[in-house]
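For the record, the sequence lines run as chains L and F.
Take 1 as the starting number for the first sequence in the working numbering and just add one per residue.
Take 1001 as the starting number for the second sequence in the working numbering and just add one per residue.
Among the clues, some could well be false.
[As the list claims (entries may be wrong)] If we take Cβ atoms under 7 angstroms as the criterion, some of the chain L residues that face chain F in the derived model are:
id, residue
1, 112
2, 358
3, 399
Hints listed in this document are in silico derivations from the structure and should not be mistaken for laboratory results.
Note that beta-carbon positions come from the ideal geometry of N, C-alpha and C, so glycine has one too.
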Amino acid sequence: MAKFKSSIPCGAVKILLFWSVLTISFSAAAQMDMGMDHSSHSGMAMPAKFPTCEGSGLECANAATPFLSSDGRLYLAWTAGGVVSVARSSDLGKTFGMPVQIADHGKVLDAGGDARPQIVVSGDKVFLTYAFFKDTHWNAQVNIAYSSDSGETFSVPTSIVKDASSQRFPIVALEPNGKLFVSWVDKRLVAAAKGTDHEMLGGSIAYAISDDFGHSFYPEHIANKDSCECCRIGAAVDPRGGVAIAYRAIFPTGVRDHASQFISDVGIAGPVRRISDDNWKTNVCPHQGPSIAVSESGTFHVAWFTQGSNRKGIFYANSHNEGKTYSEPQRIGVEGSNVSRPYLLALGNHVWLTWKEFDGHKSFIHLKESVNDGRSWLGEEVVTGADGYTDHPLLISRGNDVYLSWLSRQNGYQLIKVGQR
Amino acid sequence: MRKILFVLLFLFSCARWAYAGESDLIPYQKGDWKALLALANERPIAIHLWGVTCAPCAPEMAAWGKFLPKHPEDKVIFLQVDNVSKEMIHTMLARAKLSNANNYYIAQANDEALRYEIDSQWFGETPVTILIDKSGNRESILGPVDFKYLQAWFKKQNS
């Protein structure tokens, strides 16, 4: 040690220290030399005026997804602070029991604008699915977990597939025959095509079916190899059997317009059918997927967001022939207004459509109803509103009653009865 | 002596890495938009909204990383809008060679109020590049930017 001390040339150390300070200063100067006056940055770096909610409780959730079981209990799955939780309520969301934490992924949980956990319940069986980013290249994994004791405990979450590429945005539907249908955005074909002469944009729409409530799935299928990779999928059970899905497809020349497909109750995917010719030719992540509902007659009702050259905003259309043809898109909300997140529910031949509207200060939830299978609509109403961060409005039903499910920082979780068949 | 110098160089490298990796991300919140625009100092500016989870953003950020050193006079601000960790943002910026660019990130929920202040018709799509000229006129480009167009725009505005 003494030898080292005695052999240190002070001059060299001083030169090194001077060099360090000089170079660090130069780096800072170089950043400023990009033409920016950073003098006012300090104002932005002050303590947050809008502190981020950091906990895993419902009060900090970015997305909450409900399911009303046949025994009348409300199951709510949410993501907050990187944790996926489930809690039950016996009084329609006024109070909840102790949450069960299913997984903690921290900052790599997929908490994007269109991501949300999915939950379905049948008797004492509960199935849950969500996604998280598994590597630093933002490849995602769809995890599934199940409970056989009404959500008291859950299995350790595992990947829904063995494929190592990327899966994201799971959506689940419980078919009348008890089968579970799960669909997601899958990037295995895109990954396989990388570096070849046939590189692909976006992702693909994949699906799998389980007849033991998620303990195992039949091998997955690709419904459409060309879809947007950053938008959720809409799925709705056809009361006559099978599932209809709607999603943002990628059509030739990179047009990201919407398509629907019918997946039969034995898992056969029907043809890809375009919902509307919006002509949104882009390579952008919209972070806004569509919603679909199927009424008693088998009519498909779809609502979606687009920034196409033919129309911009959110729109509704329906199809009476499993998507072969769709009605002319109807604008939702006033043109130019800030409307988003449409969601549909069908019960019998009644259809409810909700969406979010922001007036520059506050978000309001609008709702309208059709009593004739989407041929005409009754007047719209504003159900509720909130300041600050708000989740998408969702609709669920129990018996003949229809409820709005909405989460906001200001009002917390709300389940509001909004209609009756 | 050589060991000491090596240790000092290592420590110095760590210090530089810490500087470049942690201190160059600036938090952005609702209410900051005007202050961000004021950074232009009455010159044209491009504000690029991007997200680490947005697939089209990664190759575009790499292209920005090549564009900026060739055009040091052009004012560009990057605003990362996904709800992710700062480490994730740093990783992507480093890959794109943009660690020393003017990097901001949203330090609150990406909600309607935050987006509305930036553009009442921006619904969270990424990437978006907002070009603002000396007079404050703006043009929003949805999707990856055409760098030839961008270069021409800056050239015209700066002439």
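- Message: Less than 7 angstroms between beta-carbons is the criterion; does residue 358/L satisfy it with respect to chain F?
- Response: 4 angstroms, holds
- Could you check if residue 399/L really has its C-beta closer than 7 angstroms to a C-beta on chain F? 34 angstroms, violated
- Task: Hold the hint about residue 112/L up to the distance rule: shortest CB distance to chain F must be less than 7 angstroms.
- Result: 6 angstroms, holds
Hint compliance for this structure: hint 3 is the single one not met.
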